[in-house]
Amino acid sequence: MARYLLTRLGQALVIVILVTLITFVILHFLPGGAARAILGKEATLEQIAAFNHDMGYDRPLWEQYALYLQRLVRGDLGYSFQLNQSVAEAITQRLPKTMVLSLASTALAVVIAIPLGVVQAVRRNKWPDYTINALSLLAYATPIFFLGLMMIILFAQVWPLLPPEAPQGFTLGEVLADPAGLVLPTVTLAVLTVAVYSRYVRSSMVDNLNENYVRTARSKGLSEGRVIVGHTLRNGLFPVITLLGMYLPALFSGALVVERLFNYPGMGLLFWQSALKRDYPILLGVTLLISVATVLGALVADVLYAAVDPRVRLKASRS
Amino acid sequence: MSLLRLVDLSTDIALRRGAVHALDHVNLEVRQGETLGVVGESGSGKTMTVLSVMGLLPPGGRVVNGQILFDGRDLLAMAPDELRRVRGVEMGMVFQDPLTSLNPTMRIGAQVAEPLRVHQGVSKAEARERAVEILRRVGMPRPDKIVDDYPHQLSGGMRQRAVIAMALIRSPRLLIADEPTTALDVTTQRQILELIDDLRDEFKMAVILVTHDLGVIASRADRVAVMYAGRVVETATTEELFRAPRHRYTEALMHALPEAAQGREGRLYSIPGLPPDLSQPLTGCRFAPRCRHATDACRATDVPLVRAAEDHLYACLHPVTEAVTFAPRGAGEARPAAASEPILSVRELVKEYDAGGKGRVSAVAGVSFEVKAGETLGIVGESGCGKSTVGRLVAGLEEPTGGQIVLDGTDIGALDRRARRRMHREVQLMFQDSYAAMNPRMRVDGILTEPLEIQQVGDPAGRRSRVTRLLDQVGLPTRALERYPHEFSGGQLQRIGLARSLALEPRLIVADEPVSALDVSIQAQVLNLMRDLQSELGLSYVFISHDLSVVDYMADRIAVMYLGKLVEIGPASQVVRAARHPYTQALIDAVPSPDPGHAPSPATAIRGELPSALNPPTGCRFRTRCPLAQDICRTEPPLEGGLHQVACHFPLREEAAAARP
Numbered sequence: 001m002a003r004y005l006l007t008r009l010g011q012a013l014v015i016v017i018l019v020t021l022i023t024f025v026i027l028h029f030l031p032g033g034a035a036r037a038i039l040g041k042e043a044t045l046e047q048i049a050a051f052n053h054d055m056g057y058d059r060p061l062w063e064q065y066a067l068y069l070q071r072l073v074r075g076d077l078g079y080s081f082q083l084n085q086s087v088a089e090a091i092t093q094r095l096p097k098t099m100v101l102s103l104a105s106t107a108l109a110v111v112i113a114i115p116l117g118v119v120q121a122v123r124r125n126k127w128p129d130y131t132i133n134a135l136s137l138l139a140y141a142t143p144i145f146f147l148g149l150m151m152i153i154l155f156a157q158v159w160p161l162l163p164p165e166a167p168q169g170f171t172l173g174e175v176l177a178d179p180a181g182l183v184l185p186t187v188t189l190a191v192l193t194v195a196v197y198s199r200y201v202r203s204s205m206v207d208n209l210n211e212n213y214v215r216t217a218r219s220k221g222l223s224e225g226r227v228i229v230g231h232t233l234r235n236g237l238f239p240v241i242t243l244l245g246m247y248l249p250a251l252f253s254g255a256l257v258v259e260r261l262f263n264y265p266g267m268g269l270l271f272w273q274s275a276l277k278r279d280y281p282i283l284l285g286v287t288l289l290i291s292v293a294t295v296l297g298a299l300v301a302d303v304l305y306a307a308v309d310p311r312v313r314l315k316a317s318r319s
Numbered sequence: 001m002s003l004l005r006l007v008d009l010s011t012d013i014a015l016r017r018g019a020v021h022a023l024d025h026v027n028l029e030v031r032q033g034e035t036l037g038v039v040g041e042s043g044s045g046k047t048m049t050v051l052s053v054m055g056l057l058p059p060g061g062r063v064v065n066g067q068i069l070f071d072g073r074d075l076l077a078m079a080p081d082e083l084r085r086v087r088g089v090e091m092g093m094v095f096q097d098p099l100t101s102l103n104p105t106m107r108i109g110a111q112v113a114e115p116l117r118v119h120q121g122v123s124k125a126e127a128r129e130r131a132v133e134i135l136r137r138v139g140m141p142r143p144d145k146i147v148d149d150y151p152h153q154l155s156g157g158m159r160q161r162a163v164i165a166m167a168l169i170r171s172p173r174l175l176i177a178d179e180p181t182t183a184l185d186v187t188t189q190r191q192i193l194e195l196i197d198d199l200r201d202e203f204k205m206a207v208i209l210v211t212h213d214l215g216v217i218a219s220r221a222d223r224v225a226v227m228y229a230g231r232v233v234e235t236a237t238t239e240e241l242f243r244a245p246r247h248r249y250t251e252a253l254m255h256a257l258p259e260a261a262q263g264r265e266g267r268l269y270s271i272p273g274l275p276p277d278l279s280q281p282l283t284g285c286r287f288a289p290r291c292r293h294a295t296d297a298c299r300a301t302d303v304p305l306v307r308a309a310e311d312h313l314y315a316c317l318h319p320v321t322e323a324v325t326f327a328p329r330g331a332g333e334a335r336p337a338a339a340s341e342p343i344l345s346v347r348e349l350v351k352e353y354d355a356g357g358k359g360r361v362s363a364v365a366g367v368s369f370e371v372k373a374g375e376t377l378g379i380v381g382e383s384g385c386g387k388s389t390v391g392r393l394v395a396g397l398e399e400p401t402g403g404q405i406v407l408d409g410t411d412i413g414a415l416d417r418r419a420r421r422r423m424h425r426e427v428q429l430m431f432q433d434s435y436a437a438m439n440p441r442m443r444v445d446g447i448l449t450e451p452l453e454i455q456q457v458g459d460p461a462g463r464r465s466r467v468t469r470l471l472d473q474v475g476l477p478t479r480a481l482e483r484y485p486h487e488f489s490g491g492q493l494q495r496i497g498l499a500r501s502l503a504l505e506p507r508l509i510v511a512d513e514p515v516s517a518l519d520v521s522i523q524a525q526v527l528n529l530m531r532d533l534q535s536e537l538g539l540s541y542v543f544i545s546h547d548l549s550v551v552d553y554m555a556d557r558i559a560v561m562y563l564g565k566l567v568e569i570g571p572a573s574q575v576v577r578a579a580r581h582p583y584t585q586a587l588i589d590a591v592p593s594p595d596p597g598h599a600p601s602p603a604t605a606i607r608g609e610l611p612s613a614l615n616p617p618t619g620c621r622f623r624t625r626c627p628l629a630q631d632i633c634r635t636e637p638p639l640e641g642g643l644h645q646v647a648c649h650f651p652l653r654e655e656a657a658a659a660r661p
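Those protein sequence lines, which keep their order, are chains A and B.
The first sequence lines up with residues 1 to 319 when you count with the UniProt record's numbering.
The second sequence lines up with residues 1 to 661 when you count with the UniProt record's numbering.
In short, the hints are calculated from the structure, not lab data.
Where is the CB? At the ideal position from N, CA and C, for every residue including glycine.
A hint or two may mislead.
[To be verified] Distance ranges between label pairs, derived from CB positions: (1) VAL312/A x ASN528/B: 40 to 48 Å; (2) GLU63/A x THR401/B: 49 to 57 Å; (3) GLU450/B x ALA2/A: 30 to 38 Å; (4) ARG124/A x ARG577/B: 50 to 58 Å; (5) PRO611/B x ALA2/A: 26 to 34 Å; (6) LEU69/A x ARG347/B: 29 to 37 Å; (7) ARG3/A x ALA19/B: 51 to 59 Å.
[As the list claims (entries may be wrong)] Covered stretches of chain B (chain A as the covering partner; in silico rule of three or more C-beta atoms under 8 Å from a C-beta of chain A): (8) 80-89; (9) 97-110.
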């Protein structure tokens, strides 16, 4: 198991480095440039050249990248002149807020999606299945910004039940002190996830309900509820575990839109604003973080899988 | 007194339009302490009958008529909760495929004891104790350890024991076993069937044994019901049924067995056509369209069951009057040995697989044999003995770790890649599951043309006429060319598979379990066809099968493999009727004979399971299970003899004089 983990971590490292390289190259071929963005329209060419020289932006790309990696190893993600703070600091301030949003919406989605998927599988090709299927297709096809806007219009304006804006607190504690403000962004982000998860749960449960072991369970005279909850559900949820790991980073792209929409000061909003301002160090830092989250998510999913599925557990301990 | 009685039971399976009438007025009874065998081909309704009793019908399935009387009470009139209790406590069921009938993520003990926990509210600790106890009773090795294992850690035979334990823990009064040993090796099959017999006596249970295998029925059942197309066509005591069958279908089933072939040159009787489509309205005897004795009366009138003797009913207007005879063992005579050059010669073939740091799996360990032109070599052995690996190596699908494969005088290992690819023409494969071995999105013409295109044989027009001729050779109409694999039945698919392997005019066909998935009557059709093509085209076969009676019928010579080693090889009649290796004898004795008078000798029975091919036993690999093993068996016995060779320090008998060169 230890060897397996080490191999996987090694692979993860390679992937992360590749991602930083690609991001680095793309950012540096974008038009404009950091100097113009920071020094403003009035800056002379000499000033820009001097800035680029100071920052090392006039050196060959590979040298810049080497320097970047060198700093990265020391834990230095760079410095944002526009925010006037280090990238690490900017991220650590906002990351918890995005995590609260992502985790809350994932938890909500899982809690809703699993029963939906199970109901669909058990009532397969009957009206509950068709209805849920139609709704989840609709949710699937709705752009998240449109959904968020509709949420604001409906639940903050037509029926003013909830605030239209997310909590604006600076610290995590302040944010959590205003749970009502979190409801709309969390629900908006969860709707798409429910659609994805319930479809997985449905198809996996349908497959499992057709398995011979389910027939064996029925032959013991078990009630239908016990057959489904006691025997089928556990086997049927395995794909969801993989999905959880793979999907967590994907939530970030949703968070990008939702945070902008609800003006929630998390990573998504930070990324959005930095992209408009060409704040390269921040963009690089956030991309790095997401790529790390992606590979770790996949790794965690595999380890979780091994923890719950005895068949995989055995293989993992062998290799 | 009867424990279970089915009265006019009819079951439908709903389709999108209409329904399949899977059971049509089935009447059966099972008495306490007896074993009722239910036999028939796929689609005969034998499984639907027991699923109706257990309430486990597939989606859309529904009992539409009749009664299921269990101990005098009609199950169909019971409240759902009560019904579940009766089925969960008083009945137990064992399924066909032990590999998939256990929950993969639940410990064996929890699954086995679940009925107790649910129906009797037994505590967790006591349930575990009872599970260990019942696992021990069904002959599970180390039950106190197994109880906490997961299914994937167990072999097929052990899993089937676990399923049986699960059925027995409730001390049921009725045990239903649906093809309980079809997925298992003969040696394991014998152990499982004996176990069910013992337990029946011990628990005073009634047993319903559903199987397609007449041999299993003959050796285990007290009474037999023969089903065809959703109806019971004949019931009798086992002895009476095999001595004097009355229904023409029963007779045809018996005639189609390889054991019934008269002499080695005899053709098998095969039942023409296919069973009827049960979603259509049917009149008359349902077997009439395939029956050689059918008259207009058979087709026009419904044929009722009539009484032939006290316990013998049949539904046939032209019943059998003469007795069916099985070729007594030892009656076959050897075909004159083909004296030609070997087409295939395998020398010291070795195949090992890397087992990820834990050593190497020795799949094939120094196997040598020859196949002459026009000859059939049968390879038999339990699953995991390496017989299929040998086939794949010979066909060039895998590279050997060591040894030589000489094909038509050319050492394949010495050829470069291009030349080797050309050599592939000479050897073709035929698979067990032809459907899985065909691209479902390709039409039959594409499937048959592809080998010709790959090997660049002929022009498009030439290929087309070749393909048409191939279909003709395997007895399929030309219009089959435009159809897709899923439109064909199992027997037809095997014909197409055979046509594909014939496309390149090979000299050798490696057939890996080519008839194992087929019903007896269809099996006979395919075996006959393979034999006809052999004499017509001068083909050689390597015929790999776990089924000794089929190999005995097909092969000129038989090679017996055990755990990667060749333990015996010789003329078929010699190997089967005068086996020299204790393992061969055990295999032969484990095959249930369709002759009820034939009792297997318990002395030769082998117990336990095939050892792991990872670090196999040293010396003779069979010694860990051999009743005759001595210290000397730690050294490897050489394969010795004339035509009939054996690798054993204590061969059971000397080579017969006829076999000496």
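Consistency of the hints with the structure:
Restraint check, VAL312/A to ASN528/B: a C-beta distance of roughly 47 Å satisfies the suggested window 40 to 48 Å. Against the hinted window of 49 to 57 Å, the Cβ-Cβ separation of GLU63/A and THR401/B comes to about 52 Å, which satisfies the hint. One distance hint, 30 to 38 Å for the beta-carbon pair GLU450/B and ALA2/A, is violated here, with the actual separation near 48 Å. Taking 50 to 58 Å as the suggested C-beta distance range, the pair ARG124/A and ARG577/B conforms, at roughly 55 Å.
The hinted range of 26 to 34 Å is satisfied by PRO611/B and ALA2/A, whose Cβ atoms lie roughly 30 Å apart. Taking 29 to 37 Å as the suggested C-beta distance range, the pair LEU69/A and ARG347/B does not conform, at roughly 58 Å. A C-beta distance of roughly 57 Å is found between ARG3/A and ALA19/B, which places it inside the suggested range of 51 to 59 Å. Using a Cβ-Cβ cut-off of 8 Å, 6 residues of the segment 80-89 of chain B lie near chain A, which meets the minimum of three, so the contact claim holds.
Under the rule that three or more residues need a Cβ within less than 8 Å of chain A, the assignment of the segment 97-110 of chain B holds, with 8 such residues.
In the structure shown, a violation is registered for the earlier hints numbered 3, 6, in ascending order.
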